[in-house]
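Asker: Chain by chain, the residues:
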Amino acid sequence: MNCNDFENQLGDYLDNHLSGAPLDAFEQHRRQCPLCAMLLENVKDSMVLLRQLPEVEPPAGLAGRIIAATSDAPAKPLQRLFSFFHLERELVPHLLTAALVVLFVVSAGYNFFFRQPDVPGASRAAAPAWSP
Amino acid sequence: MEQGPDAQSDLLLVERCLQGDHQQWEVIVYRYQRLVYNLAYRFTGRFDRAEDLTQEIFIKIYRSLASFEEKRGEFKNWVMVMARNHLIDHIRKEKRGWMRFGGTDELEKLDYKQDAPDPAKRLEQQERAEFVHDCLRQLSPDLRGALVMREIEGCTYEEISDSTRVPLGTVKSRINRARIELARIMNLRKMQLVQS
Numbered sequence: 047m048n049c050n051d052f053e054n055q056l057g058d059y060l061d062n063h064l065s066g067a068p069l070d071a072f073e074q075h076r077r078q079c080p081l082c083a084m085l086l087e088n089v090k091d092s093m094v095l096l097r098q099l100p101e102v103e104p105p106a107g108l109a110g111r112i113i114a115a116t117s118d119a120p121a122k123p124l125q126r127l128f129s130f131f132h133l134e135r136e137l138v139p140h141l142l143t144a145a146l147v148v149l150f151v152v153s154a155g156y157n158f159f160f161r162q163p164d165v166p167g168a169s170r171a172a173a174p175a176w177s178p
Numbered sequence: 003m004e005q006g007p008d009a010q011s012d013l014l015l016v017e018r019c020l021q022g023d024h025q026q027w028e029v030i031v032y033r034y035q036r037l038v039y040n041l042a043y044r045f046t047g048r049f050d051r052a053e054d055l056t057q058e059i060f061i062k063i064y065r066s067l068a069s070f071e072e073k074r075g076e077f078k079n080w081v082m083v084m085a086r087n088h089l090i091d092h093i094r095k096e097k098r099g100w101m102r103f104g105g106t107d108e109l110e111k112l113d114y115k116q117d118a119p120d121p122a123k124r125l126e127q128q129e130r131a132e133f134v135h136d137c138l139r140q141l142s143p144d145l146r147g148a149l150v151m152r153e154i155e156g157c158t159y160e161e162i163s164d165s166t167r168v169p170l171g172t173v174k175s176r177i178n179r180a181r182i183e184l185a186r187i188m189n190l191r192k193m194q195l196v197q198s
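Protein chains in written order, with my numbering: chain A, 47 to 178; chain B, 3 to 198.
Just so you know, these hints were derived from the structure itself, not from any lab.
Bear in mind that the values here come from a model prediction, so they are computed numbers and not experimental data.
Heads up, a few of these hints could be off.
Using 20 Å as the maximum straight-line C-alpha spacing, the simulated SDA-like pairs for lysine to any residue come out as follows [said to hold, decoys possible]: (1) Lys192/B to Gln98/A; (2) Lys90/A to Tyr32/B; (3) Lys174/B to Lys192/B; (4) Lys62/B to Ile90/B; (5) Lys174/B to Leu60/A; (6) Lys90/A to Glu132/B; (7) Lys174/B to Phe52/A; (8) Lys90/A to Lys95/B; (9) Lys62/B to Val16/B; (10) Lys90/A to Asp136/B; (11) Lys62/B to Tyr32/B; (12) Lys90/A to Glu71/B; (13) Lys90/A to Cys79/A; (14) Lys62/B to Gln21/B; (15) Lys95/B to Glu53/B; (16) Lys90/A to Pro80/A; (17) Lys95/B to Leu190/B; (18) Lys90/A to Ile113/A; (19) Lys174/B to Ile90/B; (20) Lys90/A to Leu190/B; (21) Lys174/B to Leu190/B; (22) Lys123/B to Val94/A; (23) Lys192/B to Thr143/A; (24) Lys90/A to Arg130/B.
Please build the complete structure, drawing on both the sequences and the hints.
Answerer: Structure below.
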């Protein structure tokens, strides 16, 4: 076993998933390599520190802000629709604005490309001649 | 499955809340804000983000209350799954920024729950916690998330793989790498502290 193998198997060792020949090889390398032995001790120490982390106090007023942000009734059908499409309620005005812009562009494009221009005089020509 | 008194009362709270009793929702918020906030803080390593994320998680929980099913397990577990999933999504987004800007070395003074009665011990406890959080923040978001789930939350590799939708082998190697990196970061920091 080399140092690379030792690092790769370190997790299995810490989780007690090593046994038999792989465990013997791991232990042997630990005894022979002071750097790997130190790494193992450092990892063990850091995991102890990590597990001992005390709880963090939530900031004062957090619960109040959550309650204020959820003052409407839970799980309205429209909200469920939003969440189904992964939409946030705050996005709705933006989506409506975008829809209006698209509508405007499409109607302007239609007017520009497809609508027949009004020919001045065309209707007058078709109108019956005035006779006294 | 036998449920504790909290689980039973949670169920009542949810039912009443869905019937429109907003006060019951407030009880839920006060009961679980610490749990969710702490998880968010461990995942992000940032006080301000933990606060925003806790708020987002509770809004999501509130909007999804009707989808909670008692037969699938306790309400507390459901809350934690919702929180974890939201945080994993956040980590995915954060990862892009983290890779672009390369980690963070912001230091934060936090308000820890103080267990020790002796002020000197309290200070030592606080300094140690700040040191650990500071080192944890240096890990990339996906390594940090996997390590928090394994070492602090006590999730199994399979649970982490399911939650993160990452193959089991990748989860194992990520956690192994995270443990080694964290140990090296801590060692380096200790040496820097001794030198300074």
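Asker: Against this structure, judge whether each hint is valid.
Answerer: Verification of the hints:
1. With a C-alpha separation of about 18 Å, the suggested pairing of Lys192/B with Gln98/A holds against the 20 Å cut-off.
2. For the proposed pair Lys90/A and Tyr32/B, the alpha carbon gap of about 35 Å is over 20 Å, so the pair is violated.
3. The suggested pairing of Lys174/B with Lys192/B is violated, with an alpha-carbon distance near 27 Å, which exceeds 20 Å.
4. Distance restraint check for Lys62/B and Ile90/B: the Cα-Cα separation of roughly 14 Å lies within the 20 Å cut-off, and the hinted pair is therefore satisfied.
5. About 12 Å separates the Cα atoms of Lys174/B and Leu60/A, which keeps this hinted pair within 20 Å; it holds.
6. Taking the CA atoms of Lys90/A and Glu132/B, the gap is about 19 Å. The hint holds against a cut of 20 Å.
7. The straight-line distance between the Cα atoms of Lys174/B and Phe52/A is roughly 15 Å, inside the 20 Å bound, and the hint therefore holds.
8. For the suggested pair Lys90/A and Lys95/B, the alpha carbons sit about 31 Å apart, so the restraint of at most 20 Å is broken.
9. A distance of roughly 14 Å separates the Cα atoms of Lys62/B and Val16/B; the hinted pair therefore holds under the 20 Å criterion.
10. Taking the CA atoms of Lys90/A and Asp136/B, the gap is about 18 Å. The hint holds against a cut of 20 Å.
11. Proximity of Lys62/B to Tyr32/B is assessed by CA-CA distance (about 16 Å); at most 20 Å being required, the pair is judged to hold.
12. Distance check on the hinted pair: Lys90/A and Glu71/B sit about 40 Å apart at the alpha-carbon level, beyond 20 Å; violated.
13. Pair hint Lys90/A plus Cys79/A holds up; C-alpha atoms about 17 Å apart against a cutoff of 20 Å.
14. Proximity of Lys62/B to Gln21/B is assessed by CA-CA distance (about 18 Å); at most 20 Å being required, the pair is judged to hold.
15. With a CA separation close to 17 Å, the supplied pair Lys95/B and Glu53/B stays within the 20 Å bound.
16. A hinted pair counts as satisfied when its Cα atoms are at most 20 Å apart, and Lys90/A with Pro80/A qualifies at roughly 15 Å.
17. A hinted pair counts as satisfied when its Cα atoms are at most 20 Å apart, and Lys95/B with Leu190/B does not qualify at roughly 28 Å.
18. At roughly 41 Å between alpha-carbon atoms, Lys90/A and Ile113/A are farther apart than 20 Å, so this suggested pair is violated.
19. For the hint linking Lys174/B to Ile90/B, the alpha-carbon distance of about 17 Å falls within 20 Å, and the restraint holds.
20. At roughly 16 Å between alpha-carbon atoms, Lys90/A and Leu190/B fall within 20 Å of each other, so this suggested pair holds.
21. With a C-alpha separation of about 24 Å, the suggested pair Lys174/B and Leu190/B falls outside the 20 Å cut-off, and the hint is violated.
22. Note on Lys123/B and Val94/A: the hinted pairing holds, with a Cα-Cα distance of about 18 Å set against a maximum of 20 Å.
23. For the proposed pair Lys192/B and Thr143/A, the alpha carbon gap of about 55 Å is over 20 Å, so the pair is violated.
24. Among the hinted pairs, Lys90/A with Arg130/B is consistent with the structure: their alpha-carbon atoms are about 16 Å apart, no more than 20 Å.
Hint compliance for this structure: hints 2, 3, 8, 12, 17, 18, 21 and 23 are broken, all remaining hints hold.
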